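**Q** Sequence:
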Amino acid sequence: PITASPLTTIKPTLLTPLVFTSQITSPLSIQKNHPSKLAYYTPPSSLPKSSFITKDLSIPILPLETLYCPPNSSLLQNISRIFPPGFFFIPKDQTKTRKFYEFILVDSESITLTHQTNPNDKSKIKFSKFKVNKVLSPSDWNQPPSELKSFSKAFTPQYYSYFDYMDASFNFLSVKPFNHTWFIWFNKEISLSIPN
1 PITASPLTTI KPTLLTPLVF TSQITSPLSI QKNHPSKLAY YTPPSSLPKS
51 SFITKDLSIP ILPLETLYCP PNSSLLQNIS RIFPPGFFFI PKDQTKTRKF
101 YEFILVDSES ITLTHQTNPN DKSKIKFSKF KVNKVLSPSD WNQPPSELKS
151 FSKAFTPQYY SYFDYMDASF NFLSVKPFNH TWFIWFNKEI SLSIPN
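Under our numbering, the first residue of the sequence shown is numbered 1, with each subsequent residue one higher.
Check before you lean on any hint, since a few could be wrong.
[To be verified] Straight-line Cα separation of at most 25 Å, DSS-like style, residue types lysine-lysine; simulated pairs:
#1 96 with 188
#2 99 with 129
#3 131 with 96
#4 96 with 176
#5 92 with 176
#6 153 with 188
#7 134 with 96
#8 134 with 122
#9 131 with 99
#10 126 with 149
#11 131 with 149
[As the list claims (entries may be wrong)] Simulated restraints, written as ranges between beta carbons of each label pair:
#12 121 with 84: 18 to 24 Å
#13 81 with 134: 25 to 31 Å
#14 74 with 181: 18 to 24 Å
#15 140 with 89: 23 to 29 Å
#16 82 with 143: 34 to 40 Å
#17 86 with 126: 17 to 23 Å
#18 152 with 65: 39 to 45 Å
#19 115 with 81: 25 to 31 Å
#20 134 with 159: 18 to 24 Å
#21 180 with 144: 31 to 37 Å
The set of hints was computed from the structure by calculation and includes no laboratory data.
Treat the numbers as computed from the prediction; the structure is a model and nothing was measured.
Note that beta-carbon positions come from the ideal geometry of N, C-alpha and C, so glycine has one too.
Build out the structure end to end from the sequences listed, making use of the hints.
**A** Here's what the structure looks like:
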């Protein structure tokens, strides 16, 4: 069992934000007309356990060579040298573009999507809105995850797997320009059991 003990005055050098302190002064001790009173603090018997696993080692996502990333270059310059044109991620297959992943989500009716184009340049998207209708789990896929499904309309490539569907939720968001805005909302009837 933890025993409570009277607390002494606070030493400012010991305080950090969002950390329990074992030294708390009663507000009454500040008033001159009242004798000081001590506050008692009993720390919790156990802190809540986090569901996250912290690793001591950072694992690089992509090794950057000085050939592609000179010391004084910007992040955008480096990205344009490393990623294929039109990509902001490293594609497993360059025919699987951002539009491919977007079409997976639209064709599977997982999202309802609208893009608002720039009136001066119809090739540029000002902002986008999408509603999440459902998130398919492997059991909703109704076939082995590596087995290919065909799009309902002609598209190149014509087929996609559940693994492509999993990648789609991240890869379809990479829209130029970098200040692109997404308005996102969820269908009220969506299942709350979203797969990993």
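**Q** Of the hints stated earlier, which fail here?
**A** Violated: hints 1, 6, 8, 10, 13.
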